[in-house]
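From just these sequences and the hints, can you work out the full model?
So the protein sequences, as listed, match chains P and L.
Residue numbering for the first sequence follows the numbering used here, beginning at 1 and increasing consecutively.
Residue numbering for the second sequence follows the numbering used here, beginning at 352 and increasing consecutively.
Keep in mind that the hints were calculated from the coordinates and are not lab data.
Since we're looking at a predicted model, the values are computed, not measured.
Watch out, some of these pointers could steer you wrong.
To be verified - Derived DSBU-like pairs (lysine-lysine); straight-line CA-CA distance at most 35 Å:
no. : chain 1 : residue 1 : chain 2 : residue 2
1   : P       : K169      : L       : K469
2   : P       : K270      : P       : K46
3   : L       : K520      : P       : K201
4   : L       : K442      : P       : K276
5   : P       : K104      : L       : K442
6   : P       : K201      : L       : K469
Said to hold, decoys possible - A partial selection of chain P residues facing chain L, derived with a Cβ cut-off under 7 Å:
no. : residue
7   : D98
8   : G100
9   : A340
10  : A347
Glycine included, every Cβ here is placed at the ideal spot set by N, Cα and C.
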Amino acid sequence: MTIERFTGKVAGAALVAGLCLAGTARAAETISVVTFGGAYEAAATKAYFEPFTKETGVGFAKEAYDGGLAKLSAMVEAKNTTWDLIDLESNDAITGCDEGLLQKLDLSALGDTSDFIPGSITPCAIATMVWSTVFAYDSTKLATAPKSIADFFDTKTFPGKRGLRKSPKATLEWALLADGVPAAEVYKVLGTPEGVDRAFKKLDTIKKDIVWWEAGAQAPQLLADGAVVMTQAYNGRISNAVKEQGKPFVTVWDGQVYDFEWWGVPTGAKNGDAAKKFIAFQAKPEILSQLAKYIAYAPPRTKAVDLIDAETLKGMPTAPANFGNAVQIDVPFWTDNFDALNKRFTAWLAQ
Amino acid sequence: MTVATDRDDRAGAFRRARRRDARRAFALALPLLAFLLVTFIAPIALLLTRGVQNPELGQAMPGLAAALKSWDGTGLPDERIAAALAAELPKAQAEGTLGTLARRLNFDLPEFRSLLLKTARRLPATSDNWMAALAAMDERWSKPEVWHVLRRAAIDPTPDYLLAGLDAKVGPEGGVVSAPAGEAVYVDAFARTFWISAVVTLLCLLLGYPVAWLLANLPPKPAGRLMILVIVPFWTSLLVRTTAWYVLLQPGGVVNSLLLSLGIVSEPLALVFNRTGVLIGMTHILLPFMILAIYSVMKGISPVYMRAALSLGAHPAVAFLRIYLPQTLPGVGAGCFLVFVLAIGYYITPALLGGAGDEMISQLIAIQTNQQLNWGLAGALSAYLVLFTLVFYFIFNRLVGVDRLRFG
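Written out as structure tokens, the structure is:
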């Protein structure tokens, strides 16, 4: 055995031993958290994770996913859940609870919850912020500024490509809003076959001008590349592009479709108790209000909103000036009808 | 006599030795076979069986499932079935199986999910006429189609997912009916997938054949340099190459800026978010497979045949067509087969470079797997994809012979 080979083996053995030790040491005090990643994960790290680690010593192992319950469902089915804490969209929070993929939470740990926005607490998930689907344009590329959803659909006054998420969600709502349906009646109209026809007919008028995107990060990218003159986007992505990269993007709040973002603990989570402690910790107004410093998503309780300064508040979906013509996404409607409408949407896309 | 026995002994010893060698070779391959079984064959088989499994109703409400099986399915069911539903609904809710069942039924009929959950919430403790009680709670319970969906959900294994994958379902009268035009998605998507794959295969062949010829006929040094140009993209991540094409092809991208500044076009060409983008991206990504498959065959063709044909007076074009080209056909067949089969499973490239009308079947399978959790339909669609791949494999084997599939 040569010297090199010997030292190589020793180094290898030491590395393996080190990794094993690190593994056991981490497992005891780490919450395995899965979020939508990107700017939101970075903001949550600063606002929620780091203060929690400081107070309790419990660390976080972060992972990103694209939403949906497929992975979680497979883990629970295989009885090997590797996540402890999960960042959820509304429909997943509700379906996941119905199907036993999420644990029931002890709501008494939250203390007084009277100031939470109605509907932001469910048996299995607690809302952590309000986010919104809006549209944005590049102010250097458009001579006149679009002001409303109707302008988004007006290709005569505002020629050029538009970016839209390749999903019937929010898109069909916008088509009806642009066609003159009041925000309060959107889901009533969309619940009828005539309403669905009406939405698709309105979409037909801009179909050839649409560039479809799928991942949230694509929207600001399309706008920056000049591939579109305006695009549907998640409000935080646009405000971050403005704040951090100095992009000349302007958000149009008219017809924003807003929704909650949730924390839940998956069934069979190995560090579920620590994750539940974290959920109660981040729900405190002084912690919840921190997120707004890093990304333009609003807290779901008024006590936390009160702690945010007026300037930051202006860029929030829930700011009075932005909230005028807002539509709250109807989660039960979409859980019931997504499959059917998505089929119709897919067929319509290919026509 | 002794000579014959001797020969028999020797033959027997030879056979035994052969068998021992075969066993040893098999034992050496065992780890690989086990690996393939665990990581490849078993998961695929599991997924494919999902395409016919239909256990949700039977697990959540076994009594109702049994009662539905004995019902002929005409009109509205009798009181016995309604009572079975009412009896097992609270139980399923308590056991936590109701949510899964509600999601399953919603695949077949929109709003079935909320109907079932709402009924579970408001169900009275007792009733002497459950049919009327259900209808009073929600009028949808008096619609035959609701019960028809329940009856179909009781059949396990079911052909319904496989039918849904072909835009069809079993109608109330028992016959197979096609989905209306606005809801038919999958047959078109399969046709589109095969069409895009065929065009990509043809483009790869047209572009790849001359390159493979160059590689096989240049002196070693320039051939080696040229080979690097083929191999390096081959080693580069698919996502990186797709994104690179997006950067190149977008309206303000490199290609359009160049064309505009040279005055060839007056406004940017639509090169991305449409079929053009998908074809460019996929052709570029799959081209090395075609080149390498053809190259490996061309490398083995002796130049003497061409020389002989030319020296006997054949026109170069005729000599190429009648002598050289037929010898390269195994490589062409192998390249086309590889490119086509890889192309029909493409997912990221059409998603990033394609537009509204360019969805390939893998994208639709991904929606069913990740968003809808409809693993039955995802399994059925995947089964068709595997089936079509096997059909192409069979055709290829018949035309070219799979033993001639060489690579590099």
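How the hints compare with the structure:
1. P:K169 - L:K469: 23 Å, holds
2. P:K270 - P:K46: 24 Å, holds
3. L:K520 - P:K201: OK: K520 (chain L) and K201 (chain P) at ~27 Å, within 35 Å.
4. L:K442 - P:K276: 29 Å, holds
5. P:K104 - L:K442: Roughly 19 Å between the alpha carbons, so the hint for K104 (chain P) and K442 (chain L) holds.
6. P:K201 - L:K469: Given that 35 Å is the threshold and the Cα spacing comes to 32 Å, the pair holds.
7. D98: 3 Å, holds
8. G100: 4 Å, holds
9. A340: 4 Å, holds
10. A347: 5 Å, holds
Checked against the numbered hints given earlier, the structure satisfies every one of them.
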